[in-house]
Amino acid sequence: MALMQNLTKLLISRIDEYLDAISEGMIVFQQGLLDYLENRMTDFEERMAMVGQYESRADKLRREIENQLYSHSLIPEMRGDVLGLLEHLDNIIDVAKETLTQFSIEVPDIPMELCADFSDLTVSTVQAGEELVSAVRAFFRELSRVKDHVHKVYFFEKETDRIASNLKMKIFRRDMDLSRKKHLRDVATNVAKISDEAENVADRLSIYTIKRTI
Amino acid sequence: MLLFFLSSGLFLGWSLGANDAANVFGTAVGSRMIRFKTAAIICGVFVIIGAVIGGNGTSETLGKLGAISALGGAFTVALSAALSIFVMVRLKLPVSTSQAIVGAIIGWNFFANNPTDTSILIKIVGTWVVCPIIAGIIAAILFILVRFLVNRSRLHLLQQDQLTRYGLIIVGAFGAYSLGANNIANVVGVFIPSSPLHSLVFPLIGTFSGKQQLFLIGGISIAIGVATYSRGVMETVGSSVVKLSPLAALIVVMAEATVLFIFASQGLNTFLTANGLPPIPLVPISSSQAAIGALVGIGLVRGGGKGICYSLLGKISLGWIATPILASIITFIALFFMQNVFNQTVIAPKTETIQIQSHTTEPMEMDRQIQNKKISVFYFHENLHQAVQGNYSLSMGQIVTNSFNHFMHVKRLDEKALYPGLIGLLKGCCVGDTG
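Here the protein sequences line up with chains G and B, keeping their order. Take 1 as the starting number for the first sequence in my numbering and just add one per residue. Take 1 as the starting number for the second sequence in my numbering and just add one per residue.
Because the hints were derived from the structure by calculation, they are not lab data. No residue lacks a Cβ here, since even glycine has one placed at the ideal position from N, Cα and C. Hints are not guaranteed to be accurate.
Stated by the list, open to error - If you anchor each label on the Cβ, the simulated ranges turn out as follows:
| id | chain 1 | residue 1 | chain 2 | residue 2 | range |
| --- | --- | --- | --- | --- | --- |
| 1 | B | F202 | G | N6 | 42 to 50 Å |
| 2 | B | T270 | G | E64 | 31 to 39 Å |
| 3 | B | F148 | G | R180 | 34 to 42 Å |
| 4 | B | I53 | G | Y70 | 56 to 64 Å |
| 5 | B | I205 | G | I12 | 22 to 30 Å |
| 6 | B | N151 | G | E38 | 44 to 52 Å |
The shape of chain B in the complex, shown without the other chains (with noise of 0.2 Å):
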C-alpha cells in the first residue's frame, strides 16, 4: 500500500531524473566529453548519496510550511505536483518541481484548514529569486578564475581536455550529490509526516531511520530516471540549445551544484551559526534556474550582458509566481475529489506536536522517540474524550494507564525504560490541556 501512495512521489522523482540529470551531466554527454553510462552512473550512485545524508535540512523546511498528515493526502500533493508540472509544460512555460511541490503543500493547508506560515514561505520564495542571482555570482568569479588560469597555465590543448574531462567527472558527482541533497524534498518530503516506515538496526553499522529508507527510495526513482530517459535531454541540452565549450559547461555546473548544496547542507548552516553567522534557509531550489542563473552570470562577463534573452528571465520570474498558484489550485481541488469521491483519508486527526527533551543527540534516536511519544499522546486523548464523553469514574492515573497500555500494544514494543517518561510526559500533556 505504502509504494502505491508513493507511486506519485516516485513519478516526481523519475522525472527529476530524466530532466534534471541534465544540468548536471548534459554538456559532458551532449558534446561526447563522457559517455552517457559513465554518467548516468555516477549521477544515480552521487543522486542516491546526496539524497541519504544530506535530504533532511530542505525536507525539514518543506515539513514547517505543512506537515502532510495521511498517506493519501501526501499522494494527492505530489500527484497534483506533478499534474501541475505538465501543465506549465503544456504551457511552454519555466516550471520546477520544488515551486510545483511548494504550492501543492500549500493547496493542502487551505484544503486542512491549516495557516501556512508565511516566514516560512517567504523564506522559500525569497530563496528562489536569489539562487540563480548567488549561481550568476559565482559563475561570473569562477569564470574569470578559470579564464586567468588557463591564459596563464600555457596548458596544451589535449592537457586542457583532459584536465576537463576530469574535472566534469568530479564536478558532475558533487553536483549529483547536491542535486540529491537539496531536491529528494521534492520527491519524498510530503511523505515523511504520515510514513509508516519505521528505524532499521544494523548491529555495526548504525541505525537506518524511516525518514532514510524514503529517501533512499526517493533517490532509486531519480537514478531510474537518469538511466532511463535522461539521455535524449543531456544530449539536447548538450549538442543544441546553448552551445558551451566544455570548460564553461564545467563552470555552469560547478556554480549550479554550490548553490544547490549551499541550500541543503545542514553542515555548513551548522558551522555559520557556530561562527555567529546568519544560517542559510535549507530550500529545495531549482537546478535549471541556478543553471540558467550561471549561464547569464558567464554572459555577463564575456560579453557584458549583450545576448542575455531577457524574455526568458521574465518567464522564470512568472514560474515563481504561476507555479505555486496553479499547484495550490490543482491539489485543492484533487484533494476534494480524493476525499469525497474515492472515500480517502487525506487529513489525519489532529495529534499533538510535543517539544521533547531528550538526553540523547542521536538524530535517528530523538526521530523516534519523537514517533514513540506522538502515538503516545494520541491515544491519550482517545482516553481522556471517552472520559470527557460519559465515563467520569476513570481516574486520571487510569487514564494514563489506558493511555500506556494502547501505546505499548499497537507500538508491540517491550521498552520499560520509557515508562517513567511517558507518565511524566502524558501528565505534562494533562495540565497543559485542562490549564
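With the rest of the complex left out, here is chain G (with noise of 0.2 Å):
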C-alpha cells in the first residue's frame, strides 16, 4: 500500500514536471521569437538551445511515465487517453523547436513593417499552448475548469488564424521577390501550427473530459 501511495506520488510530481516543461517551453519560444524580430540574435541561438533541452526533457518524462503507468495498470481505463493526450501534448513542443530550428537554418528576412504581426502571431499561437497546458492540468486535477481552458484555446486558435491570414495578405501584397513571399508565408505558417496543434490537443481533451466524468 504504501509502494502504491509512493509510485503515484513519483508520478504525479512527474506529470508535473512534464507540463511544466512544456509550459516553460512555450515561454522561451516566444523569448526567442521576439529576440529574433529585435534582430538579438545570441539570445535567440541561446533560447532555441533552451526550447531543445525542454524537449528532450519533455521527451524523458513522457516515456517514464508511460512506462510507470503500464508496468503498474495504473489508471486501466483513462491509460490510452492520457498518453494520448501526453503524445500529442509532445508535438506543441517539437513544432516549437521545429520553428526555432527554421529561423536559425533559414534566417528569414522580415521587413521591418511586419515585425509587429509577427510579434503578435507568435503571442498569440503561445498563448493557445499556454492554456491547453493549463487544461490539461485541470483534466488531472479540477475536471470542471477543462471547459474553460478549452475554450480559450478555441479563442486563441482562431486569433492566430486571423493574425496569420492577415500577415499572408500584407506579405503578398508587398513589393518582394515571390521566393521571399513564400518564405515568410511558410515561416508565418510554421508560427501559427502551434496552436493548430493546441485545437487538436483541445479537442481531445474535450472528449476525454466527458469519458472522466463519473
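Using the hints, put the two standalone chains together into the complex.
What follows is the structure in C-alpha cells.
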C-alpha cells in the first residue's frame, strides 16, 4: 500500500514536471522569436538551445510516465487516453523547436513593417499552447475547469488564424520577390502551427473529459 | 450419503459463485483495476464469512415457506431449481437463483400437500420487486454524493485511481459478505430441516451448529465457483456488457451490497424492532437485479433515463413470475419421479413442531434442544400409535418411559438433566393430542 502511494506521488510529480517543461518551453519559444524579430541573435540562439533542452526533457519524462503507467497498471480505463494526451501535447514543443530551428537555418528576412504582426502571431499562438497546458492540468486535478481553458484554446487558435491570414495578405501585397514572399508565408504558417496542434489536443481533451466524468 | 444429496445444492452454490461474483468484482477485474487472483481470494473468503455468520435470517424465511423434511426431497428441490435456471437461461430470460429456489419449495409444498404460507410468499415476492428500486435509490443518492465530492476534492486523477482501487476492494469484500449472507439460503437452505449434522463444540471457541456447518459447506461451494469459473464472466461484465467507470462501478457494487445486506442482516432487524421501527423481511434476493436497479438509478441521475432499456426491465419483471412457476412445475414432476421411480423418500413422516421455552439465549443451544425435542416427540407418537393399535395395557407413564428410552438410545445421549423437561414436554403433548 505504501509502495503504491509512493508510486502515485512520484508519477504525479513527473506529470507536473512534464507539463512545466512544455509550458516553460512555450515561454522560451516566444522570447526566442521576439529576440529574432529584434535582431538579438545571440539571445535567440541561446533560447533555441533551451527549447531543445525542454523538448528532450519532456520526451524523457513522457517515456518514464508511460512505462510507469503500464508496468503498474495504473488508471487502466484512462491510460490510453492519458498517454495519447501526453504524446499529442509533446507535438507542440516539437513544433516550437522545429520552428526555431527553421529560423536559425533559413534566417528569414522579415521586413521591419511586418515585425509587429509576427510578434502578435507569436504571442497569440503561444497563448493557445499555454491555455492548453492549463487545460491538461485541470484535466488531472479539477475537471470542471477544463472547459474554461479549452474554450480559450479555441479562441486563441482562431485569433492566431486571423493574424496569420492578415500577415500573409500583407506579405503577398508587398513588393518583394515571390521566393521571399513564399518563405515568409511558410515561416508564418509554422509559427501558427502551434495553435493548430493545441486545437487538436483540445478536441481530444474535451472527449477525454466527458469520459472521465463519472 | 449426505454429500451426495447435498451435491445439487453445491452445484447451485458453484454456479452462484461463477455468475454472481461478477456482480461484485466484475468491473474491477474487467477494467484491470484489481487482479482476478486478488478478487477471487477476497470474494471467496468474505462469501464464506458472510454465509456462516449472517446466513441464518434468509434461511429461516425459506424454512417458513416450506420445510423440506427429507434429504431426498431437498436434493430434488435444489436440482429442480438448477434445472429451471438452465431452462430460463436457454430461453434467454433473466433468471435468479432466489426465484428458482422459492418456486421449487412451493413445488415441494404442492407435492407434499403442505399449505404454502401466502403471507410469507407475498413478503418474498414483494421484496424481489422492491429490491431493485431500493438499489436504484441508494445508487442515485451515492452517485450524486460521490460526484459532488469528486468535483470538490480536486484530487489528482492518479490519487482518485488509487482511492477507487482501495474502495473497490473494501466495497467488494462487503459485497461478497452480503452475497454470502443473503444467498446462502438458496444453496443449502432447503437442506436445513433434514440435515443430519450435529453441533460441534470447540472448547474455548464455541459451538458450531449443524446449520452453520451447512452454511460453511455451501459457502465453500460458492468460493469454488468464484475461483474456477467466474473469471470469464467478470471480464465480460467488466469490459463489454455495460461500460462503467470504476467509480460508477464502485457505487453500483455499494448499492447492491447494501441491499443484499439489508435483506439478510438479523442484527439490523433486531436494531429496528428494538427502536420501534418495522422489521425488514430477511429474504434471499437476486444480486444481478439489485445491480441492474443500481445501474438504472445512476442512469436516471445522469441522463434522465434516456438510455434505459425498458424491454430488459420488462423481462426482469416477467422473471419474477415465470421463474417460480417453472421451478415449481419442474420440482413437482421431479419429486414424483424421485419418489415413484427411484424409490427415494422425498417427504419424511410428520413430526410435531413444538414451541419450547428455554432459559438459554444461546441460539446454537436452542437449536440443539429443538432438534432433540422434535425427535423425542416423534418417538412418543410412535409408542402412542402402538398403544392405540391394540396394546392397551400400556399406561401413559410407560409410553412416556418407552419414548424416552427410544430417544436416549437413538441420540446416544447421557444428559439426565433433560429428563424432567422431557417428561413434562411429552405429557404436554399427550394432553394436547387427546384434548
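Exercise for the section: Please test the hint of 42 to 50 Å on the beta carbon pair from F202(B) and N6(G). Expected result: holds (43 Å)
Problem - Hint check for R180(G) and F148(B) - Cβ pair distance inside 34 to 42 Å - result: violated (60 Å)
Practice task
Could you see if the CB distance from I205(B) to I12(G) stays within 22 to 30 Å?
Solution key: violated (47 Å)
Problem - Y70(G) and I53(B) - C-beta distance against the hinted 56 to 64 Å - result: At 41 Å between Cβs, range violated.
Practice task
Please test the hint of 44 to 52 Å on the beta carbon pair from N151(B) and E38(G).
Solution key: With Cβ atoms ~46 Å apart, the hint holds.
Exercise for the section: Please test the hint of 31 to 39 Å on the beta carbon pair from T270(B) and E64(G). Expected result: Given a distance of about 56 Å, which is not inside 31 to 39 Å, the answer is violated.
Comparing the model with each numbered hint stated earlier shows that hints 2, 3, 4 and 5 do not hold.
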